[in-house]
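Got chain D sorted already, so can you dock chains Z and R onto it with the hints?
Taken in sequence, the protein lines are chains D, Z and R.
The numbering of the first sequence is our numbering, which starts it at 1 and goes up by one.
The numbering of the second sequence is our numbering, which starts it at 1 and goes up by one.
The numbering of the third sequence is our numbering, which starts it at 1 and goes up by one.
Treat the hints as calculated values from the structure; they're not laboratory data.
Here the structure is a predicted model, which means the values were calculated and not measured.
One or more hints might be untrue.
Computed list of chain D residues with no C-beta within reach of chain Z, every gap over 10 Å [claimed, not checked]:
1) Ser46
2) Pro49
3) Thr50
Footprint (simulated), chain Z over chain D, 3 or more residues, beta carbon under 8 Å [to be verified]:
4) 1-9
5) 16-24
6) 28-42
Derived, one-sided and incomplete: chain Z residues facing chain R with beta-carbon distance under 7 Å [unchecked claim]:
7) Gly141
8) Ala148
9) Arg157
Heads up, the beta-carbon is just placed ideally off N, CA and C, and yes, glycines get one too.
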Amino acid sequence: MSEFLAMGGYAWYVWMAYGGAAVAIAVEIASLRARRRRVFDELRMSVDPTPRSPSMQGARSQR
Amino acid sequence: MLINWFRFSSPVSFYPVAGSWSYAFGAIAALLAGAGLVVALYIAPTDATQGDAYRIIFIHVPAAWMAMLIYLVMAGWSAAALGFNTRLSAMMAQALAPTGALMAAIALWTGAFWGRPTWGTYWAWDARMTSTLILLFLYLGIVALRAAIEDPRRADRACAVLSLVGAVNVPIIYFSVQWWNTLHQGSSVSLTGAPKMAMAMLAGILIMTGAAWCYTIAVVLARVQAIIVERERGAGWLESLIDLRTAR
Amino acid sequence: MSGSERHSAGIQLPGANASADGDSAGDARDSVFAAVGWALARDIRVALRSKGELGVQLLFYVIVVSLFPLATSPSREVLATIGPGVLWTAALLASLLSLSRLFASDFHDGTLEQIALSPRPLMALVSGKMAAHWLTTGLPVALMAPLLGAQYALDAPVLGTLMVSLLLGTPILSLLGAVGAALTLGARGGGSLLALLVLPLYAPVLIFGAGAVDATRAGVSAMPQLSLLAAGLLLALVAVPFAVAAAVRIALD
Chain D
1 MSEFLAMGGY AWYVWMAYGG AAVAIAVEIA SLRARRRRVF DELRMSVDPT PRSPSMQGAR
61 SQR
Chain Z
1 MLINWFRFSS PVSFYPVAGS WSYAFGAIAA LLAGAGLVVA LYIAPTDATQ GDAYRIIFIH
61 VPAAWMAMLI YLVMAGWSAA ALGFNTRLSA MMAQALAPTG ALMAAIALWT GAFWGRPTWG
121 TYWAWDARMT STLILLFLYL GIVALRAAIE DPRRADRACA VLSLVGAVNV PIIYFSVQWW
181 NTLHQGSSVS LTGAPKMAMA MLAGILIMTG AAWCYTIAVV LARVQAIIVE RERGAGWLES
241 LIDLRTAR
Chain R
1 MSGSERHSAG IQLPGANASA DGDSAGDARD SVFAAVGWAL ARDIRVALRS KGELGVQLLF
61 YVIVVSLFPL ATSPSREVLA TIGPGVLWTA ALLASLLSLS RLFASDFHDG TLEQIALSPR
121 PLMALVSGKM AAHWLTTGLP VALMAPLLGA QYALDAPVLG TLMVSLLLGT PILSLLGAVG
181 AALTLGARGG GSLLALLVLP LYAPVLIFGA GAVDATRAGV SAMPQLSLLA AGLLLALVAV
241 PFAVAAAVRI ALD
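Chain D with its partners taken away, still in its complex shape:
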């Protein structure tokens, strides 16, 4: 296993390269998910503007 990680002495280069690519892809996916979440939340709000905050829900259920 440590031989694998060592990459024949080139560990820094190989793992920085692979790691950087992985980070970039993770960032793209994360920002895309955030964009979609925002877009769908706004759509939900516009369709049904009932406030969804926990405090309101708590108040409603106590009535």
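Then chains Z and R, alone, in the frame of chain D:
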């Protein structure tokens, strides 16, 4: 993706297609990437000259290819947007630009870490890398222009024109950078110097390229869904089409 | 200069004196050249009214070129090495600086819209504007450069190539820059956005232009680079006005 697009040329009809295809291609991408990484990091033999450092090409080459390919596809959608004046074509072009920029950036990053152990320097100003850098600037320019123009339809057309002007220029830029590079460095200190291909190496590159392609399709289709909702809000069909309880 | 002032000072739109006879082919020829000439003359007249502005642009070029030795070294060897690159890059920046005024003032006071609506071809009018831009920006820089090149210990043949390369290259800069200027009309981000869009397109011109000068400095023929520049110029002259006219129409929508 050569199907009868006109059936899906409206955002409404394309939306659900984009969704299912995005999931499908995402799954395929994950499988291919898994297999590809196994080949890249484990199965492919260590290279005689470059040692294990050459394994970076399994990321670098697919990313560089995708950066070029995405630009061409984006230019194609831009031409369709200007020629047919269709909103969806412009939305596809809009969805492609960020991923193209990402691929160019990954190609540059991995290229630098490949260059250091093999050619002694992180940045060698060779023809391919310099052209990829300029390609990244072109992508960022398109993204910046879209952000700078308020009206979405005007932004569509302006970015389409810019993409096409850039597309004409990319071969000219590549040729001129190649000239400049060989003139100043004489010998080909080029990152095209990939090691002689063993079967496993070739297989690894092909699998990873397939993974990159499927990933791109998945991400771009997911992004275009977001773009469709962003821009088509107010049209009644959205609520009926999208299951709002589970959409994310 | 207020909009109304500029309006009254010669916004005689082309097409006002359209000929009434039946020679339509001759008419078309005349109207294209007339449109180019009209736009060219008008823009030059406007530019000459603010001579100070033109002077400032040239002064910018001179100052930028003079800065580099301060940042590097006054040794003749170093200067001769970086000279072609500096003189060319500064020309790029000078061209960029003046691009925003190409369409902006006409856009803001509504003149651009009137021009687009006139019966003359928009491509021709736009070409006239780009020609005027080059005559007031690129040409002075190209003529000034050999004088500044002497500061960089470059000798006569090199300076000659420098001037020729700039004479061929700066029109290309005006043409490509006009695309960027038209696309960014009314967009946020101003000059920096324009630079981001246009500089990647400038790269080949820079490579061949500075490369030509370097070739002469090395004692080899600069004909390959210069012919490529000339070819690029011809290509741009044919293709770019179309793109610029399209971009202007997009901005006016």
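These are the hints, each one checked on the structure:
Not every CB of chain Z is more than 10 Å from the CB of D/Ser46 (nearest about 7 Å), against its label as outside the interface. Here D/Pro49 stays apart from chain Z, with its beta-carbon at least about 13 Å from theirs, past the 10 Å limit. Every beta carbon of chain Z lies more than 10 Å from that of D/Thr50, the smallest distance being close to 13 Å; the non-interface claim holds. For the stretch 1-9 of chain D, the proposed coverage by chain Z is satisfied: 4 residues have a C-beta within less than 8 Å of a C-beta in that chain, meeting the threshold of three.
Given as covered by chain Z, the stretch 16-24 of chain D passes the check, having 6 residues with a CB less than 8 Å from a CB of that chain where 3 are the minimum. Coverage of a stretch by a chain is defined here by at least three residues with a beta carbon nearer than 8 Å to that chain's beta carbons; for the stretch 28-42 of chain D and chain Z the count is 10, and the condition holds. The interface hint given for Z/Gly141 is met, as the beta carbon of that residue sits about 4 Å from the closest beta carbon of chain R, less than 7 Å. Using the Cβ-Cβ criterion of 7 Å, the hint placing Z/Ala148 at the interface with chain R is satisfied: the shortest such distance is roughly 4 Å.
The closest approach between the C-beta of Z/Arg157 and any C-beta of chain R is roughly 4 Å, which is under the 7 Å cut-off, so the hint is satisfied.
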